Each structure stands twice: as C-alpha cells, then as structure tokens.
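Just so you know, the sequences run in chain order A and B. Reading the first sequence from the start, the letters are residues 1 to 118 in the working numbering. Reading the second sequence from the start, the letters are residues 119 to 234 in the working numbering.
Read the hints as simulated data drawn from the structure, not as lab findings. Bear in mind that the values here come from a model prediction, so they are computed numbers and not experimental data. A virtual CB, placed ideally from N, CA and C, is assigned to each residue, including glycine. One or more of the hints may lead you astray.
[Claimed, not checked] Residues from chain B shown here face chain A by an in silico Cβ test under 7 Å; the list is partial: (1) Ser151; (2) Phe163; (3) Glu222.
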Amino acid sequence: AQSVAQPEDQVNVAEGNPLTVKCTYSVSGNPYLFWYVQYPNRGLQFLLKYITGDNLVKGSYGFEAEFNKSQTSFHLKKPSALVSDSALYFCAVSGSNAGGTSYGKLTFGQGTILTVHP
Amino acid sequence: KAGVTQTPRYLIKTRGQQVTLSCSPISGHRSVSWYQQTPGQGLQFLFEYFSETQRNKGNFPGRFSGRQFSNSRSEMNVSTLELGDSALYLCASSLTPTSGTYNEQFFGPGTRLTVL
C-alpha cells in the first residue's frame, strides 16, 4: 500500500520569504512523486514531478522540490513567496509495479493550506 | 491544446437517484482517472481507464462505476445516491505510461455533486 503524509495543515509565510511545504511518503518499489496546487473552486494544477535522476526538481511558477530517499521525503520549496502562491497544496505518490509502470492511481496527502501574507 | 473538460460543473440530486458525470481528456491522452474530493476524506482514487478497460480500482462500493469510450472520453455513474456521495468529482487524463516512467495527470475543473 502507498501513503502520503503532509504533517502541516497550514503554513504561513511573509511575502518575499522562502517557503517549505513538507511531504513524506511510503510506497513499495520506486516512487513517482508529484506536487499539485488547487485554487478555490478549481481543479488541481500540476507543479512538478520526480521520476528519477536529480534529487532537486524544478517546476512551474518558481517552485522546486527535493527528493530524499533515505528520509522518504519530497518537500516543496520556493525561494521567495508571493501572495498569489496562497492556495491548497497536495503531495501525491504513485508506485511502480513489477513491470515498471503504474496504472493511473495517485495517492494524495491531506493537503496543506499555504497563506502568504503581504 | 484544450484541457480536460468535465460536464456538468454542478449537479443537485436527491437520495436514491443516480447520476452520470462526463469527462473529455486532453487530445491524445488515453488514460483517464477519477477521484472523489471531500473535506473529510480528502482526495480518493475511484478508478482508471485505458483503452476502454478498467485497469485499476479504488476502495469504493459497487454503486460507483465507470466506462471509457473508443475516443477516450469517460463517464462515471453513481447509483442509489447517498448523502455521503456529495463531493467534488475530479477527472484526470495522462499520456500512456511507458515502462520505467510515469506521466503526470492533468485535472479537469471537477463536477460538484450535492445530494439532498
């Protein structure tokens, strides 16, 4: 079974400060990791993914995430937060099966509300 | 390229009725997944279809079903609606996964179902 934990329900930061949204995961096999953002009354928007390769992944809107296999973590980061970054952020994982592919199932964390204050 | 579209966007039904939701994937995407989002349970995987076949299924009762057509469009059906089925239902599409990789899913805006 695969699972994701986002230990913080809310994260508050001041505009211009760096932000981190935490995520840890559990999965058998190689993890495929994702971050999505959701604005009110909208679907989820893809930010970035880790499949393989460099542990630091860069994505949309200046976001990046660091994959740490030993700590089974995939924290989302941004060097300088904007008020417009305020939204609900989801970490998700999909595990590979023996054949190296997975079948469309993402397991999501409970989400973290990010609030950036002016 | 147009994104994932879902119809209708809002739906109000009463207990015991059934409902059908529709999803049109991004052109060229052949995998379609469905998720239920509620404040209490968060985002939960319902099922995934590829080439008109259900390849994966979440832990939902048999009242929840789906299908995919030859043009990759998908529908999900919920029969005998219960109050607890009130949720945002999200559809996502992705390119066909190849061995050793995983293509990200792109989500539609969702259908907000309210059961009275």
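Evaluated hints:
no.	hint	result
1	Ser151	holds (4 Å)
2	Phe163	holds (5 Å)
3	Glu222	holds (5 Å)
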